[in-house]
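Engineer: Starting from the given sequences, assemble the full structure and let the hints guide the process.
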Amino acid sequence: MRKHGMPDVHVSHPNVTPLIDIVMCLIIFFMLVARIGVATGVDHNIKLPKSNIGMALSDLGNTITLNVSQVGMSPKVSARDPAIGEDRVFNLPADSGTLVTFMKTLRGTNDLFKVIIRADKSTPYRCIEPVLQACASANVKDYNFETEKQEGEEVAQ
Amino acid sequence: MKLASAKKVHYDSGPNMTPLVDVVMVILIFLMLTGTFAGATHYLKSNVPVISKGGAQVVDSKSTGDTLVEIRITGRDSLNVYVGSTQFTDQRQLAAALKAVRQNKLADGTKDDNIQAIIAPGAETNTQVLIQVFAATTAAEFKKIAFSSAR
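Residue numbers (my numbering), protein chains in the order written: chain E, 1 to 157; chain H, 1001 to 1151.
It is worth saying that the hints were derived from the structure and are not from the lab. Note that CB positions come from ideal geometry on N, CA and C, so glycine has one too. Take the hints with a grain of salt, since some may be wrong.
[Unchecked claim] Which stretches of chain H does chain E cover? Using the computed rule of at least three CB atoms under 8 Å from a CB of chain E, they are:
hint : segment
1    : 1022-1033
2    : 1123-1134
3    : 1141-1151
[Claimed, not checked] From the derived model, a few chain E residues whose C-beta atoms are all more than 12 Å from chain H:
hint : residue
4    : Arg88
5    : Val89
6    : Thr105
Structural biologist: So, in structure tokens, the structure goes:
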């Protein structure tokens, strides 16, 4: 009688191929949505004021972002110049004319041109007023204050 | 004499995937921690430039026949606002009062496009207070909001 030995026990290791597929998909997702090292002209040192009401801007293509802060007693405005790809700094009031020329150049004949003002929450109004004056001189018809969303109910129903 | 173990079939287990999974997980965690999604910000919109009182005028709203509603900010770091002679220190109450003012103007026959809200801050009023007043004016549904020169 032929003896049959016990068959060998095969330890089946888990198939990791689907796991790698999913992880690769997640990596590609985060690489696409994450913004690392993308220069948008935003000064992250500025602490924005908070508001519990506001709107989203649908078209950010015709915009320029002005970062407004206070240096000593004078306002400082920085903005990304799309022509040279670098930030430009305007120390007001000395550079008011340069700022107006800069915005006029960017605006051209585009009536949809918008200015986004990012002012630090502690910046006094006397530092913001020259920026608004420059916007008016450059014939900017649409300007927006960027604020942080504040949790809570809206101000008015 | 052949040994029994020589007859065992050797299965090819393939490359070891564990280090690959480890590296991929590290990259994934790096991207999750360093990436920044769209910030939680929104915008308060204005489409009327600053109005000067006297001197060189940027916009002369009086020549357009607009009805002016002046909102004076006297506080520097805190909300202290006057609409007419009424003082407000609460943003909700300010918004409600401004809404009532606007409704009264509309009831008087003034068109919505001819009602001009003017925010008159002090020179030292900080941006946070300015934004609170701006938000209250926006909540009151004024279509035209402008800023006056610093007092």
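Engineer: Please go over all the hints and tell whether each is borne out by the structure.
Structural biologist: Do the hints match the structure? See the list:
no. : hint      : in the structure
1   : 1022-1033 : holds (count 6)
2   : 1123-1134 : holds (count 10)
3   : 1141-1151 : holds (count 3)
4   : Arg88     : holds (22 Å)
5   : Val89     : holds (19 Å)
6   : Thr105    : holds (18 Å)
Violated hints are absent here; each numbered hint is respected by the structure.
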